[in-house]
Structures are given as structure tokens and as C-alpha cells.
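Model the full assembly from the supplied sequences, consistent with the hints where possible.
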Amino acid sequence: MNRCDGIRMQAPLYLSGEMDAEARDAFAAHLDICPGCAAMIAEDRKLDSALQSALGEFVPDTGGLEQAVRHTISLDRRRLHWTWAGLIAAAATLLIVTAIAREYWNRPPRRYADAAVDHRKEVVEGQPRRWRSNPPELARLAEQNGLQLTQATGIAPAGYRLERAKTCTIGGQRMLHLVFYNGARRYSVFVAPHLARREMSQPVRQGAERVTEFDTGHFRGLVVSDGSAVACAELARAAASQL
Amino acid sequence: MEVRQALERLGSDQRNVLLLAAVEGYTCREISEILGVAMGTVMSRLSRAREAMRELLSEVML
Numbered sequence: 030m031n032r033c034d035g036i037r038m039q040a041p042l043y044l045s046g047e048m049d050a051e052a053r054d055a056f057a058a059h060l061d062i063c064p065g066c067a068a069m070i071a072e073d074r075k076l077d078s079a080l081q082s083a084l085g086e087f088v089p090d091t092g093g094l095e096q097a098v099r100h101t102i103s104l105d106r107r108r109l110h111w112t113w114a115g116l117i118a119a120a121a122t123l124l125i126v127t128a129i130a131r132e133y134w135n136r137p138p139r140r141y142a143d144a145a146v147d148h149r150k151e152v153v154e155g156q157p158r159r160w161r162s163n164p165p166e167l168a169r170l171a172e173q174n175g176l177q178l179t180q181a182t183g184i185a186p187a188g189y190r191l192e193r194a195k196t197c198t199i200g201g202q203r204m205l206h207l208v209f210y211n212g213a214r215r216y217s218v219f220v221a222p223h224l225a226r227r228e229m230s231q232p233v234r235q236g237a238e239r240v241t242e243f244d245t246g247h248f249r250g251l252v253v254s255d256g257s258a259v260a261c262a263e264l265a266r267a268a269a270s271q272l
Numbered sequence: 030m031e032v033r034q035a036l037e038r039l040g041s042d043q044r045n046v047l048l049l050a051a052v053e054g055y056t057c058r059e060i061s062e063i064l065g066v067a068m069g070t071v072m073s074r075l076s077r078a079r080e081a082m083r084e085l086l087s088e089v090m091l
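Heads up: the protein sequence lines correspond to chains A and B, in order.
First residue of the first sequence? That's 30 in my numbering, and the numbers climb one at a time after it.
First residue of the second sequence? That's 30 in my numbering, and the numbers climb one at a time after it.
Worth flagging that the hints you see were computed from the coordinates, not collected in a lab.
One should not assume that every hint holds.
Stated by the list, open to error - Here are the simulated lysine to aspartate or glutamate pairs, DMTMM-like style, with alpha carbons at most 25 Å apart: (1) A:Lys-75 x A:Asp-54; (2) A:Lys-75 x B:Glu-84; (3) A:Lys-150 x A:Glu-166; (4) A:Lys-75 x B:Glu-31; (5) A:Lys-75 x A:Asp-49; (6) A:Lys-150 x A:Asp-77; (7) A:Lys-75 x B:Glu-80; (8) A:Lys-150 x A:Asp-49; (9) A:Lys-150 x A:Asp-54; (10) A:Lys-150 x A:Glu-192; (11) A:Lys-75 x A:Glu-166; (12) A:Lys-150 x A:Glu-51; (13) A:Lys-75 x B:Asp-42; (14) A:Lys-150 x A:Asp-255; (15) A:Lys-75 x B:Glu-37; (16) A:Lys-150 x A:Glu-263; (17) A:Lys-150 x B:Glu-62; (18) A:Lys-75 x A:Asp-34.
Bear in mind the structure is a predicted one, so any value in this text is a computation, not a measurement.
Now the structure itself:
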């Protein structure tokens with residue numbers, strides 16, 4: 030495989046901003062000396078823009094897609110369970126899961142870590158992602174996630190404004206990632222429609238950030254902030270009061 | 030040929046990853062999680078989808 034073949038294989042990671050700095054630099058260095066690969070990347074970017082423009086008013090039914098895929102996976106798993114191999118595997122899995130569960134019982138849910146990692150990579154480190162920041166795009170994105178734009182902009186305390194947003198997957202669930210900025214500090218709110226209602230969680234430390242979860246009966250949200258536990262809880266309380 | 034028409038010519042596997050990546054802005058890792066397929070599968074479907082779209086739209090877009 031020559032260098033250009035490798036570049037073509039890695040192109041999706043480059044375009045989605047998922048490469049680490051070293052790989053991204055190496056990729057960009059190749060584009061500087063290879064007109065063919067540079068043209069391919071430029072065309073791919075143009076294609077993505079054309080798709081966004083053409084489908085701007087049309088929301089692809091990827092929510093339905095996600096449900097359909099998960100349904101298919103669950104059917105496959107159900108079939109497996111009817112075989113002996115499936116029963117043995119299920120029993121073994123249950124034993125292992127029970128043992129692990131005892132050890133990890135008190136750990137925060139995976140979505141807390143996912144939210145903290147997304148905030149760190151995409152907001153603190155500024156890794157490139159496809160953010161929406163102009164009002165029409167923000168309004169459309171909010172609607173796709175069951176929110177009015179005024180709700181999305183109103184969940185931050187005074188002094189903060191909604192800077193940008195994108196969809197993401199947190200703990201296997203599609204969520205809207207909102208970034209708020211007050212001129213000096215940014216924090217993230219991850220929110221998705223949710224029917225359960227629970228008390229707000231205590232802030233949990235995840236690396237350098239703190240994560241607080243809330244459930245309003247209509248929405249579930251996670252607030253990620255590098256501030257104190259009290260400040261993080263306040264931001265979560267402000268968000269929950271508006272949803 | 031228009032973008033939507035070209036999109037309809039793709040197989041559903043390629044169309045789905047392209048929509049999730051290009052329109053919804055999901056990363057390859059996230060798409061892999063949503064669809065329950067390997068990252069490599071997502072990347073190859075995405076590359077082939079973009080390549081097919083480039084060919085289908087070469088006259089009008091590029």
C-alpha cells in the first residue's frame with residue numbers, strides 16, 4: 030500500500046477531526062506535497078457542504094435509523110439466547126457481570142465520563158468538529174432534539190450566551206451538546222428528551238471537570254464544567270429550571 | 030443530477046453513514062457506536078460513499 034492509499038483510508042478521520050495532533054500534522058504534510066490527495070480532500074469537504082445545504086430543510090431520519098438498528102441487534106441477540114451456546118454464554122456473562130458489578134457498583138454511569146471527555150476534547154482542547162453557531166442552524170438543531178431555540182439559549186445563567194451546538198452520542202444516547210461562554214469561561218450542557226424524573230445528582234469529578242446530571246420529566250441533561258462542585262450544581266439547577 | 034438524487038443511488042449502508050457524518054456531524058467513533066459496527070467498517074463505507082457521490086456529482090458540483 031502506498032502513502033496515498035493510506036491517506037485515502039484515513040480521510041474520514043481527518044475530515045471528522047478525530048485524529049490526534051501528530052497524525053493530523055502528518056496527514057496535512059502529505060496534502061501539502063500531493064495535489065491528488067489534496068484535491069480529494071477538498072472535494073470531500075465540498076461534498077459535505079453540498080449535502081448540508083441540500084438537506085438543510087430536510088431532517089434525515091437517523092433517529093429512526095438508530096432505533097431500527099438497535100431493534101435488529103436486539104432480535105439477533107434474542108435468537109442467540111434460544112440456542113444452547115447462547116444459554117451457556119449468557120450464564121457465563123451473568124457471572125462475570127455480577128462479579129464486576131460488585132466492584133463497580135458505586136462508579137458513576139458511563140455517560141458522565143463520555144460527557145466529560147467530549148467537553149475536554151471538543152471545548153477545552155478545541156479539536157475540530159462540525160459545530161452549528163448561526164441562529165437558523167441552531168434553531169433547526171434544537172428542534173431536531175425536541176427543544177425550542179429559546180429554551181436552549183435560556184438554560185444558562187445571566188452573562189453566558191449559547192456559543193455553538195452539535196449532536197453527539199453520550200452513553201449510547203443521542204444528545205444535543207450546547208456550549209455556553211461568558212467571555213472568559215465555557216461550559217457544556219448535554220441534553221436529550223427523557224420521560225423519567227429524578228432528583229438532581231451530586232456533582233461528580235471526572236478528570237479535571239465536574240459533571241452534574243438532572244432529569245426534569247421532559248429532558249435529561251448533563252452539565253460539564255471546570256468550576257467548583259457548587260458552581261456546577263448551580264449551572265445544572267439553572268438549566269433544569271428552564272426545561 | 031442533484032445531491033438528493035445521487036444520495037438515493039447509494040446503497041443504504043453507505044447512505045446512512047454519509048448522512049450521519051456529513052449532515053448530522055457525528056464522528057466515526059460515534060457512528061460505529063450507533064450502528065454497532067467496527068470503526069474500520071464505518072471508515073470504508075464513508076470513503077466509498079464519498080467516492081460514489083463524487084463520481085455521480087462530478088459534472089454539476091466539482
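Now the hints, each set against the structure:
1. Pair hint Lys-75 of chain A plus Asp-54 of chain A holds up; C-alpha atoms about 21 Å apart against a cutoff of 25 Å.
2. Under the criterion of a C-alpha separation no larger than 25 Å, the hint pairing Lys-75 of chain A with Glu-84 of chain B is consistent with the structure, at around 13 Å.
3. For the given pair, Lys-150 of chain A sits about 23 Å from Glu-166 of chain A by alpha-carbon distance, which is consistent with the 25 Å threshold.
4. A distance of roughly 14 Å separates the Cα atoms of Lys-75 of chain A and Glu-31 of chain B; the hinted pair therefore holds under the 25 Å criterion.
5. For a cut-off of 25 Å, the pair hint linking Lys-75 of chain A to Asp-49 of chain A stands: about 23 Å separates their Cα positions.
6. Between Lys-150 of chain A and Asp-77 of chain A the CA atoms are separated by roughly 23 Å; this keeps the pair inside 25 Å, and the hint holds.
7. The suggested pairing of Lys-75 of chain A with Glu-80 of chain B holds, with an alpha-carbon distance near 12 Å, which does not exceed 25 Å.
8. Our distance criterion of 25 Å between C-alpha atoms is met by Lys-150 of chain A and Asp-49 of chain A, whose separation comes to about 10 Å.
9. Our distance criterion of 25 Å between C-alpha atoms is met by Lys-150 of chain A and Asp-54 of chain A, whose separation comes to about 17 Å.
10. Distance restraint check for Lys-150 of chain A and Glu-192 of chain A: the Cα-Cα separation of roughly 16 Å lies within the 25 Å cut-off, and the hinted pair is therefore satisfied.
11. A distance of roughly 18 Å separates the Cα atoms of Lys-75 of chain A and Glu-166 of chain A; the hinted pair therefore holds under the 25 Å criterion.
12. A threshold of 25 Å between alpha carbons decides the hint, and for Lys-150 of chain A with Glu-51 of chain A the separation of about 15 Å falls inside it, so the pair holds.
13. This hinted pair checks out: Lys-75 of chain A and Asp-42 of chain B have alpha carbons roughly 21 Å apart, not beyond 25 Å.
14. Pair hint Lys-150 of chain A plus Asp-255 of chain A holds up; C-alpha atoms about 13 Å apart against a cutoff of 25 Å.
15. At roughly 19 Å between alpha-carbon atoms, Lys-75 of chain A and Glu-37 of chain B fall within 25 Å of each other, so this suggested pair holds.
16. A C-alpha spacing of about 23 Å is found between Lys-150 of chain A and Glu-263 of chain A, which places the hinted pair at or below 25 Å, so the restraint holds.
17. A threshold of 25 Å between alpha carbons decides the hint, and for Lys-150 of chain A with Glu-62 of chain B the separation of about 18 Å falls inside it, so the pair holds.
18. Distance hint between Lys-75 of chain A and Asp-34 of chain A is fulfilled; the C-alpha atoms sit about 21 Å from each other, no more than 25 Å.
Violation of the numbered hints given earlier is absent; every hint is satisfied by the structure.
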